[in-house]
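Participant: Heads up: the sequence lines are chains A and B, in that order.
Heads up, the first sequence is in my numbering, so the first residue is 1 and it goes up one at a time.
Heads up, the second sequence is in my numbering, so the first residue is 1 and it goes up one at a time.
Possibly wrong hints are sitting among the right ones.
Where chains are identical, the list cannot tell them apart; a pair therefore holds if satisfied intra-copy or between any two copies.
As the list claims (entries may be wrong) - Here are the simulated DMTMM-like pairs of lysine to aspartate or glutamate, each with C-alpha atoms no more than 25 Å apart in a straight line:
1. Lys400 <-> Glu377
2. Lys336 <-> Glu301
3. Lys158 <-> Glu328
4. Lys38 <-> Glu242
5. Lys274 <-> Asp175
6. Lys158 <-> Asp176
7. Lys38 <-> Glu63
8. Lys302 <-> Glu138
9. Lys158 <-> Asp178
10. Lys80 <-> Glu52
11. Lys158 <-> Asp175
12. Lys274 <-> Asp178
13. Lys50 <-> Glu85
14. Lys393 <-> Asp314
15. Lys80 <-> Asp107
16. Lys274 <-> Asp176
17. Lys333 <-> Asp276
18. Lys50 <-> Asp107
Keep in mind that the hints were calculated from the coordinates and are not lab data.
Protein chains: 2
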Amino acid sequence: MKKLSLLICAAISVNGIVFAQEAIHPDIPDIASPVIGKDGSVTFSLFAPKAENVMLTGNVLRELKDTLPDGTVKNIDYLKMNNNEGLWTLTLNGLTPDFYSYKFLVDGVETLDPLNSYVLRDVRSISSTFLLPGLESELFIPANVPHGSLSEVWYNSKSDGLDRRLSIYTPPAYDDMDRAYPVLYLLHGMGGDETAWVDQGKAVQILDNMIARGLIEPMIVVMPNGNIARQAAPGYDSFALEQPQFNLPHTIDGLFEELFPEIVDFIDNNYRTKPDRKSRAIAGLSMGGLHSLYISANYPEKFGYVGLFSAATDPIRHNPEGLPRFYEDRSNKMKKFFDSSAPVYFIAIGKDDFLYDVNTQYRKELDSLNLPYIYEESNGGHEWSNWRQYLIKFLPMLFKE
Amino acid sequence: MKKLSLLICAAISVNGIVFAQEAIHPDIPDIASPVIGKDGSVTFSLFAPKAENVMLTGNVLRELKDTLPDGTVKNIDYLKMNNNEGLWTLTLNGLTPDFYSYKFLVDGVETLDPLNSYVLRDVRSISSTFLLPGLESELFIPANVPHGSLSEVWYNSKSDGLDRRLSIYTPPAYDDMDRAYPVLYLLHGMGGDETAWVDQGKAVQILDNMIARGLIEPMIVVMPNGNIARQAAPGYDSFALEQPQFNLPHTIDGLFEELFPEIVDFIDNNYRTKPDRKSRAIAGLSMGGLHSLYISANYPEKFGYVGLFSAATDPIRHNPEGLPRFYEDRSNKMKKFFDSSAPVYFIAIGKDDFLYDVNTQYRKELDSLNLPYIYEESNGGHEWSNWRQYLIKFLPMLFKE
Chain A
1 MKKLSLLICA
11 AISVNGIVFA
21 QEAIHPDIPD
31 IASPVIGKDG
41 SVTFSLFAPK
51 AENVMLTGNV
61 LRELKDTLPD
71 GTVKNIDYLK
81 MNNNEGLWTL
91 TLNGLTPDFY
101 SYKFLVDGVE
111 TLDPLNSYVL
121 RDVRSISSTF
131 LLPGLESELF
141 IPANVPHGSL
151 SEVWYNSKSD
161 GLDRRLSIYT
171 PPAYDDMDRA
181 YPVLYLLHGM
191 GGDETAWVDQ
201 GKAVQILDNM
211 IARGLIEPMI
221 VVMPNGNIAR
231 QAAPGYDSFA
241 LEQPQFNLPH
251 TIDGLFEELF
261 PEIVDFIDNN
271 YRTKPDRKSR
281 AIAGLSMGGL
291 HSLYISANYP
301 EKFGYVGLFS
311 AATDPIRHNP
321 EGLPRFYEDR
331 SNKMKKFFDS
341 SAPVYFIAIG
351 KDDFLYDVNT
361 QYRKELDSLN
371 LPYIYEESNG
381 GHEWSNWRQY
391 LIKFLPMLFK
401 E
Chain B
1 MKKLSLLICA
11 AISVNGIVFA
21 QEAIHPDIPD
31 IASPVIGKDG
41 SVTFSLFAPK
51 AENVMLTGNV
61 LRELKDTLPD
71 GTVKNIDYLK
81 MNNNEGLWTL
91 TLNGLTPDFY
101 SYKFLVDGVE
111 TLDPLNSYVL
121 RDVRSISSTF
131 LLPGLESELF
141 IPANVPHGSL
151 SEVWYNSKSD
161 GLDRRLSIYT
171 PPAYDDMDRA
181 YPVLYLLHGM
191 GGDETAWVDQ
201 GKAVQILDNM
211 IARGLIEPMI
221 VVMPNGNIAR
231 QAAPGYDSFA
241 LEQPQFNLPH
251 TIDGLFEELF
261 PEIVDFIDNN
271 YRTKPDRKSR
281 AIAGLSMGGL
291 HSLYISANYP
301 EKFGYVGLFS
311 AATDPIRHNP
321 EGLPRFYEDR
331 SNKMKKFFDS
341 SAPVYFIAIG
351 KDDFLYDVNT
361 QYRKELDSLN
371 LPYIYEESNG
381 GHEWSNWRQY
391 LIKFLPMLFK
401 E
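Given only the sequences and the hints, what does the whole structure look like? Please build it.
Facilitator: Right under this line is the structure:
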């Protein structure tokens with residue numbers, strides 16, 4: 001095995017400048033990780049000569065199942081790696097092409113892959129990531145096509161006078177052409193923020209690639225921060241520099257939804273939009289699906305297209321002491337919305353999603369009201385792997401009139 | 001010690017949704033890391049009950065020195081942490097308020113802090129980070145002040161027809177007011193890219209805060225990718241999805257510098273700029289300092305302000321086989337530049353910088369030509385800690401006429 005002193009890696013790592021470093025490391029093998037083979041295999045490697053047990057974890061294992069003696073099928077959440085003189089490796093075959101995250105558990109200590117610079121934060125958890133190329137992931141991968149711009153922009157919220165941050169995608173040639181564009185409002189889930197659809201959802205690459213292929217209309221995409229208790233994603237909020245939190249106050253109480261028109265006004269006042277419901281869509285995942293449901297139902301004149309991706313369609317669960325006003329009288333609001341706007345209404349969920357049953361219930365409600373929707377049922381559960389694909393399915397439905 | 005099963009952390013981490021997880025972890029203590037005390041102390045903690053040796057490394061140690069028996073003073077690059085029943089901790093006192101990075105070395109394995117979601121990539125290396133608040137760092141910290149926008153924007157390069165990505169800061173109220181702004185072009189060092197001044201340089205927060213305090217003129221700041229062999233930062237380049245590289249081709253051969261006017265033209269054509277040298281500045285660190293030096297010297301009509309932060313002023317080192325045409329005849333070009341533009345010329349370097357001597361030599365060259373410059377000599381070496389402070393010193397010099 002070719003050996004390379006860690007000296008070189010350490011030296012390069014400090015501000016890009018070669019410094020002398022104390023040679024306290026053992027020699028480490030000259031390895032790369034992860035390595036994607038031509039056959040689509042992915043090999044993970046970690047040099048940990050003193051470790052007794054190294055395991056791989058992350059959504060790279062999501063297709064692995066274990067059948068227990070009693071017949072129960074269980075997910076496999078950890079896989080032991082193979083040890084060869086301190087070099088721990090594991091090869092996974094047959095992964096669906098996708099954007100994956102993983103980490104190592106080294107004698108119980110969560111460890112990112114030190115050989116992989118690509119890192120993702122998901123709420124409080126950090127992971128190493130990679131893109132496995134192939135048919136299912138080709139729209140996530142940066143291509144040499146015309147690119148839109150991505151901007152982090154602040155608007156002022158009238159509710160409390162605070163500035164809040166939005167991520168805004170403007171399509172290629174937005175600055176060159178004096179035309180107006182339709183707008184998709186794209187909302188994150190609980191624990192997410194205005195960076196979620198960019199970093200995990202690959203929204204920018206999906207938009208660039210689908211526009212370049214002529215699959216969708218060029219559009220503006222606005223990704224707000226749905227946490228009304230926050231100004232911006234962790235690290236950008238002037239009142240909250242602590243670690244990210246999963247369950248922030250006021251996420252599912254109707255306040256964000258009620259105030260939503262001020263975001264729409266900000267966008268219509270500052271971007272070249274087509275400011276009407278035929279040119280305005282709203283979609284979101286999980287909590288963002290709930291937000292999309294109630295924003296569109298309460299402001300029926302605003303949106304002509306709605307996408308509910310694994311939506312939390314049952315706000316009662318989150319408000320056991322009583323349904324907030326903004327969530328009341330749903331059926332009547334939905335009837336008015338469909339009567340006046342005849343929206344394209346898209347509902348998507350995975351068979352294994354823990355919200356599958358409440359989505360079925362919600363569809364029954366729509367059925368009983370004779371309100372038409374497009375329904376997509378996928379494999380898998382409550383995961384980005386599905387939400388990226390739902391976005392890819394939803395986008396071509398938009399702004400066709 | 002209060003115990004909390006890792007179950008909860010792991011459960012929250014998967015797409016923000018609570019899943020059942022196999023309970024294979026030992027109980028881990030309910031700890032936070034890093035913890036910043038009221039006295040400015042910083043305590044790092046890692047639960048690694050099976051580890052024999054856990055060390056702390058990173059620029060948190062940069063002020064620690066060791067004197068060897070022969071009198072040599074050495075940097076301390078690793079500090080052993082204290083083990084208490086598997087909980088490894090270390091407290092550092094007296095750190096200068098700054099933006100810091102660190103990681104753990106657990107029996108030789110580089111490990112990011114699993115309790116800290118804030119991660120930074122520097123070339124190929126990933127680290128955990130934190131902001132230590134205080135006088136020296138207060139301009140890096142997000143404040144509740146009017147915010148500028150940060151955009152990732154693509155321009156087309158005439159040299160090879162490729163689109164390349166720029167980070168562009170527009171000041172608060174840029175979209176509200178019909179006025180024109182001056183522009184600072186801010187360049188990264190070797191191994192960096194268009195994200196470096198944003199992620200490591202804290203340029204957005206520094207600009208927001210200094211504009212809000214009335215310390216500097218509102219300005220547009222353009223941060224290009226100085227790697228002419230690349231389109232964009234790792235992960236966004238359609239031809240290079242591999243791991244980041246430190247030493248890319250064509251970084252110090254004059255090509256990026258020669259083509260620079262196409263970036264200036266793109267900005268002047270697409271933003272409300274004041275398109276003259278009295279309203280245009282260029283500055284960069286290390287390789288970006290070299291770029292700034294030669295762009296301003298070769299296009300003397302373009303820039304009225306130049307900042308060289310720890311600049312690589314000696315392109316011969318990087319071109320041992322002969323100086324590229326664009327780097328030739330420096331003294332004459334500099335004379336013409338100073339004669340025609342009378343620029344504000346700012347040179348800054350740390351006493352311990354490995355480029356200190358070549359900077360001294362360059363200043364002698366300017367002295368011998370009677371060309372005036374402002375010189376700032378700081379402590380420390382070739383590091384972001386200095387570059388952020390140099391930017392803070394340089395910005396108030398700009399666009400005062």
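Participant: So, for every hint listed, does it hold in this structure?
Facilitator: Verification of the hints:
In this assembly of identical chains, the alpha carbons of Lys400 and Glu377 lie at most 25 Å apart only when taken from the same copy (23 Å versus 61 Å across copies). Taking identical chains as interchangeable, the C-alpha atoms of Lys336 and Glu301 lie at most 25 Å apart only when both belong to the same chain, with a minimum of 10 Å there against 64 Å between chains. In the homo-oligomer, the alpha carbons of Lys158 and Glu328 lie at most 25 Å apart inside one protomer (24 Å), although the nearest pairing across protomers, at 58 Å, exceeds that limit. Taking identical chains as interchangeable, the C-alpha atoms of Lys38 and Glu242 lie at most 25 Å apart only when they sit on different chains, with a minimum of 15 Å there against 43 Å within one chain.
Both within a single protomer and between protomers do Lys274 and Asp175 lie at most 25 Å apart by alpha-carbon distance, with minima of 16 Å and 18 Å respectively. In the homo-oligomer, the alpha carbons of Lys158 and Asp176 lie at most 25 Å apart only across protomers (17 Å), although the nearest pairing inside one protomer, at 32 Å, exceeds that limit. With identical chains, the CA atoms of Lys38 and Glu63 are at most 25 Å apart within one copy only, with a shortest distance of 20 Å there and 47 Å across copies. Within a single copy, Lys302 and Glu138 get their C-alpha atoms no closer than 33 Å, and across copies no closer than 42 Å, so neither meets the 25 Å cut-off.
In this homomeric assembly, Lys158 and Asp178 come within 25 Å of each other (Cα to Cα) only across copies, at 24 Å, whereas the closest approach inside a single copy is 30 Å. Both within a single protomer and between protomers do Lys80 and Glu52 lie at most 25 Å apart by alpha-carbon distance, with minima of 11 Å and 21 Å respectively. When the C-alpha separation of Lys158 and Asp175 is checked against a cutoff of 25 Å, the pair qualifies only between copies, where the shortest distance is 19 Å, while the shortest distance within a copy is 29 Å. Taking the closest pair of Cα atoms, Lys274 and Asp178 come within 25 Å of each other both inside a single copy (12 Å) and across two copies (22 Å).
Within a single copy, Lys50 and Glu85 get their C-alpha atoms as close as 10 Å, and across copies as close as 19 Å, so both meet the 25 Å cut-off. Within a single copy, Lys393 and Asp314 get their C-alpha atoms as close as 24 Å, which meets the 25 Å cut-off; across copies the closest is 54 Å, which misses it. For a Cα distance limit of 25 Å, the shortest separation of Lys80 from Asp107 qualifies both inside one copy, at 11 Å, and across copies, at 19 Å. In this assembly of identical chains, Lys274 and Asp176 lie within 25 Å of each other by CA distance both inside one copy and across copies; the values are 17 Å within and 19 Å between.
When the C-alpha separation of Lys333 and Asp276 is checked against a cutoff of 25 Å, the pair qualifies only within one copy, where the shortest distance is 19 Å, while the shortest distance between copies is 57 Å. Taking the closest pair of Cα atoms, Lys50 and Asp107 come within 25 Å of each other both inside a single copy (10 Å) and across two copies (6 Å).
In terms of the numbered hints stated before, the structure departs from hint 8 and from no other.
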